[in-house]
Amino acid sequence: MANKKQKHWYSYLWIWSIIYFALGFFNILFAWLGMIDFILPLVFAIVGGNKWFCNNMCGRGQLFWVLGRNVGCSRRKPAPRWLASKWFRYGFLAFFLTMFGTMIFQTYLVFSGANELRKVVKLFWTFKVPWQWAYSGSIFPDWVAQFSFGFYSLMLTSTLIGLIVMLLYKERTWCTFCPMGTMTQGICKLKSHDK
Amino acid sequence: MAKKRANVNKNICVACGVCRLECPREAIKIHQGCYALVNEEICVGCGLCQKACPANAIEIKERI
Chain A
1 MANKKQKHWY
11 SYLWIWSIIY
21 FALGFFNILF
31 AWLGMIDFIL
41 PLVFAIVGGN
51 KWFCNNMCGR
61 GQLFWVLGRN
71 VGCSRRKPAP
81 RWLASKWFRY
91 GFLAFFLTMF
101 GTMIFQTYLV
111 FSGANELRKV
121 VKLFWTFKVP
131 WQWAYSGSIF
141 PDWVAQFSFG
151 FYSLMLTSTL
161 IGLIVMLLYK
171 ERTWCTFCPM
181 GTMTQGICKL
191 KSHDK
Chain B
1 MAKKRANVNK
11 NICVACGVCR
21 LECPREAIKI
31 HQGCYALVNE
41 EICVGCGLCQ
51 KACPANAIEI
61 KERI
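In the order they appear, the protein sequences are chains A and B.
Just so we're aligned: 101 in the working numbering is position 101 of the first sequence, and the numbers increase by one with no gaps anywhere.
Just so we're aligned: 62 in the working numbering is position 62 of the second sequence, and the numbers increase by one with no gaps anywhere.
Hints are supplied without guarantee of correctness; some may be wrong.
[As the list claims (entries may be wrong)] Cross-link-like lysine to any residue pairs, in silico, SDA-like; alpha carbons within 20 Å at most:
| id | chain 1 | residue 1 | chain 2 | residue 2 |
| --- | --- | --- | --- | --- |
| 1 | A | K77 | B | I12 |
| 2 | A | K86 | B | N9 |
| 3 | B | K51 | A | G72 |
| 4 | A | K77 | B | Q50 |
| 5 | A | K189 | B | K10 |
| 6 | B | K10 | A | M183 |
| 7 | B | K51 | A | A79 |
| 8 | B | K29 | A | I187 |
Hints in this document: simulated from the structure, not taken from any laboratory.
A quick note: this is a predicted structure, and the numbers were derived from the prediction, not measured.
Bound-form chain A, shown alone:
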């Protein structure tokens, strides 16, 4: 971002993104902290009617910028137009919410005793990666850990997708179809009656 601009504390939240994934590597229960990234943008959109979180506080977006622009890992080529099209954005949001719902259901199955806790991280909703070192029991019931594994999978997968599109296209290409961004912009449009 323009280097002459004043930096604020929230300009460094990209560091938090790295810390988040590092913490989850050692103890999966830290994955719950990622809920902040889910709740805060919605609070800003619903209460304030703005995308202040995306514009200023999104650690993931900042990380893509730091790696893509400052480190120079991005090709900085225009992405295909369909990536920012409404059908793809809302389609990806629907897919993402479905996967979130599935993850909640998996958590419920562990809560109800129908399933046992699976200590794996699922990448791209397909590839199961063993992650058993990150959890060896706690004072919390197993469903709390199951949610952590599911949520961490979601966060890691979306970051990896973001990194891939950052490498191939512009730094923050992920922002064009980020489910939280689509959702908060939709809320803002509804609030401002500006279609």
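Given the structure of chain A, go ahead and fit chain B onto it with the hints provided.
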């Protein structure tokens, strides 16, 4: 006044705010979380926002 200016396609803009951060003249703001709004009085049409926009929603146009 500069000969060129940035023009945002509101239908494509995702309001991510990258253009606002890139603009050296602070001529862009995000309007109610919906789209980027360019202050045409301040914009010099440098094209930095266009280059940074991940949604390809910005064009640099000649002033009429």
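Hints, verified against the model:
no. : hint           : result
1   : A:K77 - B:I12  : holds, 17 Å
2   : A:K86 - B:N9   : holds, 13 Å
3   : B:K51 - A:G72  : holds, 15 Å
4   : A:K77 - B:Q50  : holds, 12 Å
5   : A:K189 - B:K10 : holds, 11 Å
6   : B:K10 - A:M183 : holds, 17 Å
7   : B:K51 - A:A79  : holds, 12 Å
8   : B:K29 - A:I187 : holds, 18 Å
Every hint from the earlier list agrees with this structure, and none is contradicted.
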